[in-house]
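Please put together the full structure from these sequences, using the hints given.
Single-letter residue listing:
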Amino acid sequence: MPETAADLSTMPPAVAITGLRFRWRANQPWVLDIPTFHLANGERLFLAGPSGSGKSTLLALIAGISRPAEGRVTVLGAELTTRSGPARDRFRADHLGVIFQLFNLLPYLSVSDNVTLPCRFSTRRRARAEAAAGSVAAEARRLLAHLGMDEPGLVRRPAAELSVGQQQRVAAARALIGGPDLIVADEPTSALDTDRRLDFVDLLRQECASVGAALLFVSHDRTLADRFDRVAELPALNRAPSAG
Amino acid sequence: MAILSLAGKSLWNRRLTSALVVLSIALSVALLLGVERLRTQARASFANTLSGTDLIVGARGSPLNLLLYSVFRIGDPTNNVSWRSYQTFAAHPQVAWTVPLSLGDSHQGFPVLGTTEAYFQHYRHGRNQSLRFAEGREFTDVFDAVLGAAVADRLGYSPGQSIVIAHGVGAVSFALHDDKPFQVVGILARTGTPVDQTVHISLDGMEAIHADWFGGAPIPGLRLSPEQVRQLDLTPKTITAFLVGLHSKTTIFRMQREINTFAGEPLLAILPGLTLQQLWDLMGLAENALLVVSGLVVLVGLTVMLAALLTGLNERRREMAILRAVGARPGHIFALVLGESLVLALVGATLGVLLLQGGLLVAGPLLEARLGLAIAGWPPSRHELLLLAAVLGCGLLAGLLPAWRAYRYSLADGMTLRL
Ligand SMILES: Nc1ncnc2c1ncn2[C@@H]1O[C@H](COP(=O)(O)OP(=O)(O)OP(=O)(O)O)[C@@H](O)[C@H]1O
Ligand SMILES: [Mg+2]
Chain U
1 MPETAADLST MPPAVAITGL RFRWRANQPW VLDIPTFHLA NGERLFLAGP
51 SGSGKSTLLA LIAGISRPAE GRVTVLGAEL TTRSGPARDR FRADHLGVIF
101 QLFNLLPYLS VSDNVTLPCR FSTRRRARAE AAAGSVAAEA RRLLAHLGMD
151 EPGLVRRPAA ELSVGQQQRV AAARALIGGP DLIVADEPTS ALDTDRRLDF
201 VDLLRQECAS VGAALLFVSH DRTLADRFDR VAELPALNRA PSAG
Chain Z
245 MAILSLAGKS LWNRRLTSAL VVLSIALSVA LLLGVERLRT QARASFANTL
295 SGTDLIVGAR GSPLNLLLYS VFRIGDPTNN VSWRSYQTFA AHPQVAWTVP
345 LSLGDSHQGF PVLGTTEAYF QHYRHGRNQS LRFAEGREFT DVFDAVLGAA
395 VADRLGYSPG QSIVIAHGVG AVSFALHDDK PFQVVGILAR TGTPVDQTVH
445 ISLDGMEAIH ADWFGGAPIP GLRLSPEQVR QLDLTPKTIT AFLVGLHSKT
495 TIFRMQREIN TFAGEPLLAI LPGLTLQQLW DLMGLAENAL LVVSGLVVLV
545 GLTVMLAALL TGLNERRREM AILRAVGARP GHIFALVLGE SLVLALVGAT
595 LGVLLLQGGL LVAGPLLEAR LGLAIAGWPP SRHELLLLAA VLGCGLLAGL
645 LPAWRAYRYS LADGMTLRL
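Residue numbers (my numbering), protein chains in the order written: chain U, 1 to 244; chain Z, 245 to 663.
Please note that the accuracy of each hint is not assured.
Ranges between beta-carbon positions, derived for each pair [said to hold, decoys possible]:
no.: 1; chain 1: Z; residue 1: Leu-644; chain 2: U; residue 2: Ala-69; range: 26 to 32 angstroms
no.: 2; chain 1: U; residue 1: Gly-153; chain 2: Z; residue 2: Ala-607; range: 33 to 39 angstroms
no.: 3; chain 1: Z; residue 1: Glu-559; chain 2: U; residue 2: Ala-127; range: 32 to 38 angstroms
no.: 4; chain 1: Z; residue 1: Thr-261; chain 2: U; residue 2: Ala-191; range: 27 to 33 angstroms
no.: 5; chain 1: U; residue 1: Ala-87; chain 2: Z; residue 2: Trp-256; range: 29 to 35 angstroms
no.: 6; chain 1: Z; residue 1: Leu-636; chain 2: U; residue 2: Gly-52; range: 43 to 49 angstroms
no.: 7; chain 1: Z; residue 1: Arg-626; chain 2: U; residue 2: Gly-153; range: 52 to 58 angstroms
no.: 8; chain 1: Z; residue 1: Leu-598; chain 2: U; residue 2: Pro-29; range: 58 to 64 angstroms
no.: 9; chain 1: Z; residue 1: Leu-644; chain 2: U; residue 2: Ala-127; range: 34 to 40 angstroms
no.: 10; chain 1: Z; residue 1: Leu-636; chain 2: U; residue 2: Ala-191; range: 39 to 45 angstroms
no.: 11; chain 1: Z; residue 1: Gly-603; chain 2: U; residue 2: Arg-67; range: 53 to 59 angstroms
no.: 12; chain 1: U; residue 1: Gly-153; chain 2: Z; residue 2: Leu-535; range: 55 to 61 angstroms
Since the hints were made in silico from the structure, they are not lab data.
Cβ atoms here follow ideal geometry from the backbone N, Cα and C, with glycine treated the same way.
Next comes the structure, spelled out in structure tokens:
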């Protein structure tokens with residue numbers, strides 16, 4: 001990807017993948033074989049694909065949790081594939097927000113503690129959250145309010161007591177705290193009913209826009225696709241024969 | 245660090261299981277330390293059964309046997325010591341005092357000891373403690389008896405009680421000296437030694453009840469009333485053994501040799517401390533077996549912890565995937581699980597120590613009263629601290645396996661949440 005360090009207005013792309021190949025075990029067939037994949041800075045992409053096609057696997061590679069056998073994964077201009085495990089973990093803590101399909105929260109932490117969790121692992125995120133609202137807890141409250149969770153006393157409640165829809169919004173607030181540059185969401189709406197899905201996606205889109213983060217949204221619910229800048233089909237990107 | 249408070253909250257979330265693990269470790273640690281405490285203090289208390297006596301002298305035979313029958317009233321002497329030999333050594337210039345001991349009879353299964361007033365003066369136990377009277381006084385009359393604390397307790401006797409002495413040492417004896425009853429005049433304070441189990445009478449009294457006996461049975465046709473017996477010369481012909489106190493400790497070995505080579509009669513003199521030590525060493529096997537068993541109990545406690553951690557791990561894979569997603573390193577996950585096992589072991593061990601202290605506070609006075617075993621609670625000995633450190637070390641070791649597995653999971657699970 002062409003980029004000039006001197007030109008600050010041209011930010012590196014959120015994700016750039018070339019010649020990526022990945023399999024879970026050495027003697028198994030490739031799960032992913034992606035010649036090229038690109039997510040522009042601030043772009044909101046809907047990534048679709050059938051079950052088992054490797055969507056979650058791709059997200060793990062972009063988040064730096066897994067490492068490809070071949071090829072390069074560059075996130076926000078940082079070449080992840082050459083970095084050590086701990087360095088990738090630190091990079092993820094600093095720059096990425098992750099939302100899962102379900103069970104995003106640690107049940108024994110309060111809503112507020114769940115939202116501020118990334119700030120425990122990243123001084124950058126902590127500093128940015130403090131700069132935005134004065135304190136990490138205040139920023140958590142602000143984000144929750146933006147996501148329609150401004151009930152009094154809610155922040156102190158244990159996460160285990162929330163409804164699924166509430167839990168997903170708390171997860172979104174956690175992904176957004178401290179201004180990450182890329183939000184990765186793995187089917188975050190599949191446990192919600194149809195009305196709530198659209199609400200959730202709209203909220204997430206707005207918040208990503210306001211913090212300037214790119215959004216990689218994985219789902220097989222195509223009714224949501226028109227809310228995004230672009231739609232990508234994983235089977236079209238992936239040359240590996242799908243197992244799913 | 246950030247991960248520490250998380251570990252605490254996670255542990256609190258699983259507080260029931262954690263509490264059970266802590267409890268099982270605490271109980272096993274309390275048991276281990278309790279056995280260790282009991283072992284060392286029983287040894288000390290045992291060694292303190294007799295103090296201040298330089299030599300015990302009896303008929304020639306085994307030293308252990310002499311110790312057993314003269315101090316612990318266990319077993320029988322092979323032979324007696326003649327009164328003449330006793331007199332010879334009692335008058336020896338190096339000898340400060342002697343206490344004659346005459347055994348062989350019993351009351352309700354408790355051994356009867358014939359001795360003199362010198363016994364109350366010179367018998368010492370523990371750290372040079374002499375005998376004290378809880379009630380009454382020493383014997384003065386031929387038919388006076390002084391009871392050990394346990395005898396009085398068990399049989400419910402108090403001064404003024406009349407008792408009959410049985411011939412021989414069986415619990416149930418048919419040959420009773422019932423024509424010459426004794427009167428209890430004193431009860432000794434508890435000592436935690438065999439003295440508590442003993443009925444003390446004067447040597448004269450011992451002689452008096454056997455005046456009309458010969459070879460273990462009353463002489464047919466000869467019946468002497470107590471009044472008639474008082475008229476006789478009640479100097480005994482033999483005694484069972486005697487305790488010796490010397491003017492100077494430096495002459496102990498010379499005196500021992502002199503007694504052992506005494507021409508008048510084959511005698512044996514032993515050093516009580518040394519022989520007590522030998523006797524205790526004989527019991528070392530049982531002692532070590534006890535320690536091994538309590539060590540195994542600790543192992544069980546730690547295994548419970550290992551099992552709890554490993555089972556918990558499957559439920560916690562989700563927790564770990566979330567932590568990884570927000571930037572936790574595999575090292576964090578490793579530390580999280582290992583730290584948890586360390587905390588469990590630490591809390592368990594601390595609770596175990598407190599449990600033992602509490603137990604001793606409650607049971608200590610009871611043990612002292614019942615067994616005469618004084619068990620001090622605080623502070624733990626260096627050996628006990630070493631044992632505690634070993635328990636914590638093993639706890640850490642037991643935590644390594646689940647920590648390693650958690651580490652592997654956190655690498656292998658990727659972004660998928662296993663449920
Ligand atoms: N941790 C793992 N170890 C081994 N194989 C895995 C692992 N996770 C996924 N796979 C395999 O990799 C392939 C892709 O799985 P992945 O979870 O990426 O699919 P997906 O597109 O996210 O499916 P879904 O829509 O059902 O979530 C599947 O064949 C799956 O069996
Ligand atoms: Mg998936």
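A quick look at each hint next to the structure:
no.	hint	verdict
1	Z:Leu-644 to U:Ala-69: 26 to 32 angstroms	holds (31 angstroms)
2	U:Gly-153 to Z:Ala-607: 33 to 39 angstroms	violated (50 angstroms)
3	Z:Glu-559 to U:Ala-127: 32 to 38 angstroms	holds (34 angstroms)
4	Z:Thr-261 to U:Ala-191: 27 to 33 angstroms	holds (28 angstroms)
5	U:Ala-87 to Z:Trp-256: 29 to 35 angstroms	holds (32 angstroms)
6	Z:Leu-636 to U:Gly-52: 43 to 49 angstroms	holds (47 angstroms)
7	Z:Arg-626 to U:Gly-153: 52 to 58 angstroms	holds (54 angstroms)
8	Z:Leu-598 to U:Pro-29: 58 to 64 angstroms	holds (59 angstroms)
9	Z:Leu-644 to U:Ala-127: 34 to 40 angstroms	holds (36 angstroms)
10	Z:Leu-636 to U:Ala-191: 39 to 45 angstroms	holds (44 angstroms)
11	Z:Gly-603 to U:Arg-67: 53 to 59 angstroms	holds (55 angstroms)
12	U:Gly-153 to Z:Leu-535: 55 to 61 angstroms	holds (56 angstroms)
In the structure shown, a violation is registered for the earlier hint numbered 2 alone.
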